[in-house]
Amino acid sequence: MKELPPKEANLFREILECYQSKQYKRGFKGAEQILRKFPDHGETLAMKGLFYNQMDKKEEAYELVKKGLRQDLKSHICWHVFGLLYRSDKNYEEASKCYINALKYDKENIQILRDLSLLQMQMRNLEGYLDTRHQLLELRPQNRQYWVTVAIAYQLLGKPELGVKVLATYEETLKDLPTTPDYEHSEMLLYHNSLLEEAGQIQEALEHLDAIEKQVCDHKAIKENRARYLLALGHMEEAQEAYRALLAINPDNVAYFEGLQKSMNLLNSSGDNRNNGKLTEEQQSKVLDLFMSLQKEYPRSNAAKRLPLRYATGEEFVKITDKYLRNMLRKGVPSLFVNIKSLYADKEKQKAVEKLALGYLAALEKSKGFDHSGSIIEPPTALLWTLYFLAQHFDYKRDTNKALEYIEQAIQHTPTLVELYMIKGRILKHAGEYIKAMDALNEARQLDLQDRFINTKCTKYMLRADKMAEAEKTIVMFTRADIVNPLNDLVEMQAQWFALAAGESHLRQGQIGRALRRFHQIEKHFNDYTEDQFDFHTYCPRKMTLRAYVSLVRLEDQLRSHPYYVRAAHGAIQCYLTIFDKPDGEDDEAMKGMTEAEKKKFRNKKRKAELKAQQEAEDRKKANAAALEASKKAGSNAAVALVEEDTEGRPLGRNPKVLEALARSGWQ
Amino acid sequence: MGSTTTTTEDKSKAAAFRIGLGDITPNNLGQLKRLNTVLFPVVYTSSFYKEVLEVGEFAKIIYFNDICVGGVCCRKENVPGSTSLQNLYIATLGVLAPYRRLGLGSKLLKHILENAKLPSSSGPKIAKVYLHVQTNNEEAVEFYKKYGFEVVEKCENYYPQFDVKDAFKLEKVLIEKN
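Chains as they are written, first to last, in our numbering: chain D, 1 to 668; chain V, 669 to 846.
Hints listed in this document are in silico derivations from the structure and should not be mistaken for laboratory results.
Glycine included, every Cβ here is placed at the ideal spot set by N, Cα and C.
One or more hints might be untrue.
[What the hints assert, rightly or not] Partial list, derived from the structure: chain D residues whose beta carbon lies under 10 angstroms from chain V:
#1 N253
#2 G369
#3 D399
#4 T400
#5 V418
#6 V566
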């Protein structure tokens, strides 16, 4: 019975092909054709179920696949199909059980082994992954993918040295090496090299670099690795040379400077590298000389000018900081303070910078120069940027009055500069004046309506001031205009900053339900990120982007340590605690001291009132929609009305867990 | 109303800076409004700014080291009895105080005059450019005279809301009437 006659067997093969090539309708028809003659053919039933799944008919799909499986419990196809069904619903646990059953009846099915290994990686069942990939390698030893994935499995299991052996064995089997640059081969070799480093075999890694250099396309990686290995092995002179060569390529890469310093024993890895780094006097004078000569060599490098400020102290610090600040203030670099403030961990340096900046201000006001010598007349913007710098300096010290004084002076000087209002807002925000801060940001926004950055910042300040309607109106100026609810674009775009700020605002206002929806939206985004890696389990080994793949897998493993996730979790916890403590929401106070019967009565009454309010809201909505339709026809701007509607409705996050928790409580 | 004259300071000592003209758009209109609020005692209406967006090269802002520090707004006026000629009225021209005497006003005015003289293939030509200046604003009068403007009239009580109510009308003729 399980064997179909030749005609139908052919047709069955065809429908399998239809599934592969995504011709679901054709496949579905084929399955029905077979079932007309053989209504109990298990594998066909299962396939029909799978086609139903593609048509989004879940119930029918599960029913048919299960029915098919009952007909033919020893069919690997039925089990595989069942696994695919579970996988499409992201139920990886059940899916892998099905695959394992399928493999019982067809041990060497490459497709099922591959599918199983992907699930194992996704669930980080690394032992299982290694096992499955081993089997694949034994079945198809000529396929490079299977070699590298076994190496990856070993690496992720903390045995990079075994990964090295696997790759070395594979490389020995290669007869003709590519003669022209071959990206995939090159990436495999660099991955091999990274395994040596991870295994702590630095000397071998260094020698390996020399051996593979000619076949590698990523020249920068070769140079960076070599410099790092030379340093680790204590070959200081060669390391120095290597880092100097790297600086010639990019004289603004801080890591290169630090490598060079280390090779010259001018950086203490234990010290605070933002400040002095516990250098001896001799080291200090040497490191400053080094940067002096690098500045001459790379006059356009900002890092070469900025980094010595870390190491200089006393008079020397004042001297070189003076030069640095004048340069930047003359040029008008808005990020100057951000560049400087890490030095403030050293109180002495903070004082020195303050003294210098106040000196510039006095001199600019009187003599139009950074000093009174009159040798150079600075552009008027020098005074402006000095005031801007001082405002941030005093804000850092939380001297709100002085900070505001300087920023107001700056605004008086040049009232058209957007950055000034942003700093004014920031100072006010730090002082707890959220409404005034928001007003300052809104002023900034109105000066440059096409600046997405300031629009976004302004929105954030509005949310901080709990002005939800204003915030929504502001942000939709930069969301997609061609969708029904512009706010949903932010969810689509995974704009977490917005969801978080909105959630925290709702929480501050005691709107627990809305806050929870926002926090769970963040959770959903993180789940999506976890889900998104699935495709890379096949894509990366195929494309040989192995170094990037391993770093992705490791990133995913600690994804939820991201500050956004932590903040969202904190917010959600606070919400749930509130629900637990006050299950009747705002009515908790009112219900104090009531008997159970009274409470019941109270709740019933409230529910009725709510239902009535809901009905009224529906009616309003309908009227709104009608008005909207009319205004659309009139060609007016409908977007605003839609946004307002959204603040009433709750289209965001229909998470059943949330709804359940809310339904049990009086919060909504 | 506002005025600038070119620098009298020793240029050799001045640090280098950049100057550039920019279009006025609905997005940066806020900056022009802010400028005009600071520079001029007159409050301009929204219809004034609507026109500004439509006069093309006859309304500009000027950047100093990439910061907007000044601007000019003109409007075209029909000449009675002529379809081939128009007059250009400079409604505002000004630069923020710290940025004066650096040649920015001149750059704005020159831009307006150059564009006024451009031969237009279609539409009316600009016959003259004119403006009003408070009678006590000698600096401004001198500035415009340098570019060929002449005082043609004293308009009494032109600015009834100010202390100095009288204004000079200055004009520069580009096309002589037949």
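Status of the hints after comparison with the structure:
This hint is violated: N253 (chain D) has a C-beta 27 angstroms from the nearest C-beta of chain V, more than the 10 angstroms allowed. Interface hint at G369 (chain D): satisfied, since its Cβ lies 9 angstroms from the closest Cβ of chain V, which is below the 10 angstroms cut-off. For D399 (chain D), the interface hint is violated, since its Cβ never comes within 10 angstroms of a Cβ in chain V; the closest pair sits about 25 angstroms apart. Violation of the interface hint for T400 (chain D) is found here, the shortest Cβ-Cβ separation to chain V being roughly 25 angstroms, above the 10 angstroms cut-off.
Proximity of V418 (chain D) to chain V holds as hinted, the smallest CB-CB distance being about 9 angstroms (cut-off 10 angstroms). Checking V566 (chain D) against chain V: minimum C-beta separation of about 37 angstroms lies over 10 angstroms; hint violated.
When held up to the earlier numbered hints, the structure conflicts with 1, 3, 4, 6 and fits the remainder.
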